[in-house]
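Peer 1: Sequence:
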Amino acid sequence: MHKAPVIKELKTKQIKNQSFDAERALYNIKNTDVVNCTFAGPADGESVLKEGRNYNVINCSFSLRYPMWHAQGFNLTDSSMDEKTRAPLWYCSDGKIKNSKIDGIKCLRECSNVKISGCSIESPEFGWKCSGINISDSVIDSMYFLFESNNVEIKNLTMTGKYSFQYMDNLHISDSNLDTKDAFWHSKNILVENSVVKGEYLGWFSENLTFINCKIIGTQPLCYCKNLKLINCTMENTDLAFEYSDVEADVKGHIDSVKNPKSGTIIADSIGKIIEEDAIMPCSGKVITRLQTCTVINTNNKRAC
27 MHKAPVIKEL KTKQIKNQSF DAERALYNIK NTDVVNCTFA GPADGESVLK EGRNYNVINC
87 SFSLRYPMWH AQGFNLTDSS MDEKTRAPLW YCSDGKIKNS KIDGIKCLRE CSNVKISGCS
147 IESPEFGWKC SGINISDSVI DSMYFLFESN NVEIKNLTMT GKYSFQYMDN LHISDSNLDT
207 KDAFWHSKNI LVENSVVKGE YLGWFSENLT FINCKIIGTQ PLCYCKNLKL INCTMENTDL
267 AFEYSDVEAD VKGHIDSVKN PKSGTIIADS IGKIIEEDAI MPCSGKVITR LQTCTVINTN
327 NKRAC
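Whatever position you read off the sequence shown (first residue = 1), add 26 for our numbering.
Certain hints may be false.
Below, computed lysine-lysine pairings styled on DSBU-like, alpha-carbon distance capped at 35 Å [what the hints assert, rightly or not]: (1) 188 / 110; (2) 124 / 155; (3) 56 / 110; (4) 42 / 207; (5) 207 / 124; (6) 207 / 181; (7) 155 / 110; (8) 42 / 127; (9) 207 / 241; (10) 241 / 278; (11) 141 / 299; (12) 124 / 56; (13) 188 / 278; (14) 241 / 141; (15) 207 / 252; (16) 127 / 241; (17) 181 / 255; (18) 181 / 122; (19) 278 / 252; (20) 188 / 124; (21) 110 / 141; (22) 312 / 181; (23) 278 / 255; (24) 241 / 299; (25) 224 / 252; (26) 132 / 56; (27) 110 / 207; (28) 312 / 278; (29) 56 / 39; (30) 141 / 224; (31) 207 / 141; (32) 141 / 124; (33) 110 / 39; (34) 42 / 124; (35) 224 / 42; (36) 252 / 155; (37) 181 / 278.
Derived DEER-like restraints, expressed as beta-carbon distance ranges [to be verified]: (38) 108 / 136: 19 to 29 Å; (39) 198 / 87: 26 to 36 Å; (40) 306 / 119: 37 to 47 Å.
Treat the hints as calculated values from the structure; they're not laboratory data.
We treat Cβ as the ideally placed atom computed from N, Cα and C, and that holds for glycine.
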């Protein structure tokens, strides 16, 4: 008879209540719990946990550069990384970051399949060129947030920082509050639901960008878009919207002004001005108001619509 293979269980080692400051202090650890440890000190060593495999970091503090590069199968829980932990996680895969505080610049670069939950993060250039990132129940402050990343899921995020979500592909955001600028530029296949999005020049040059039950705040939003959709959204302080965009929009309430939509239909309760002038391409988009008249401005005359 053919015998079933014998599967050996991997034993987990523990490293507890220690301090490390040497270069590559715990290099290539495997199947290990690192608990209540401090990574700081006069030796100022880099890459303390580089090339680790299947390890857990619990209730630890970091104050050294590049601490967790090339990690595979990792958990970082109830821990902190201060501003001295420059580029703390790069080239990592299959990990979880939970209930932790990270202040190191350029955190999470070229990482894949990482889940982040319950975290507070202040990290300029966070999450560049990543894939398969899941973020929930967190607060993040970052410049150029998630630049050139793909296949990202976000829920209940409070985010601040300019130039977010640029050059991304396949992003889903829900139940979040985003205070940003130039968000979603050149990004494709983006769905934002039940969220507040505040910022100037939102979504320019995007493709397949959809907002459902969202509040959009800020000047000159959603220009040069391809296949843009707004479903049951509100807009606040949004002037010169939709210029040269292919758009289908259903807006509850008021839009300050709409300018030269390229194609599609925009419906709102009221619109302050519809501007049809100085277009550099044919613009045939329809603009419809439900409740009150608006002013249409073109190169020839003004008329009520």
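Peer 1: Between the alpha carbons of residue 207 and residue 241, is the straight-line distance 35 Å or under?
Peer 2: Between residue 207 and residue 241 the Cα gap is close to 15 Å, so the pair holds against 35 Å.
Peer 1: Take the C-alpha atoms of residue 42 and residue 207, compute the straight-line distance between them, and say whether it is at most 35 Å.
Peer 2: violated (44 Å)
Peer 1: Between residue 312 and residue 278, is the straight-line Cα distance small enough, at 35 Å or below?
Peer 2: It holds: about 17 Å lies between the C-alpha atoms, which stays within 35 Å.
Peer 1: If you draw a straight line from the CA of residue 181 to the CA of residue 122, is it 35 Å or shorter?
Peer 2: holds (16 Å)
Peer 1: With the threshold set at 35 Å, check whether the alpha-carbon distance from residue 181 to residue 278 stays at or below it.
Peer 2: Distance of about 24 Å is within 35 Å: holds.
Peer 1: Are the Cα atoms of residue 241 and residue 299 separated by 35 Å or less?
Peer 2: Holds. Residue 241 to residue 299 sits at ~20 Å (cutoff 35 Å).
Peer 1: Within 35 Å, alpha carbon to alpha carbon, are residue 241 and residue 278?
Peer 2: The given pair, whose Cα atoms are some 10 Å apart, holds under the 35 Å limit.
Peer 1: In this structure, is the beta-carbon distance linking residue 306 and residue 119 contained in 37 to 47 Å?
Peer 2: holds (46 Å)
Peer 1: Holds or violated: residue 132 and residue 56, Cα atoms, limit 35 Å.
Peer 2: holds (26 Å)
Peer 1: Holds or violated: residue 224 and residue 252, Cα atoms, limit 35 Å.
Peer 2: It holds: about 21 Å lies between the C-alpha atoms, which stays within 35 Å.
Peer 1: Would the pair residue 188 and residue 278 pass a check requiring their Cα atoms to be no farther apart than 35 Å?
Peer 2: Within the cut-off at roughly 27 Å; holds.
Peer 1: Is the hinted pair residue 42 and residue 124 satisfied, with a Cα-Cα distance of at most 35 Å?
Peer 2: holds (19 Å)
Figure legend: structure checked against the earlier numbered hints; hints not met, in rising order: 4, 11 and 35.
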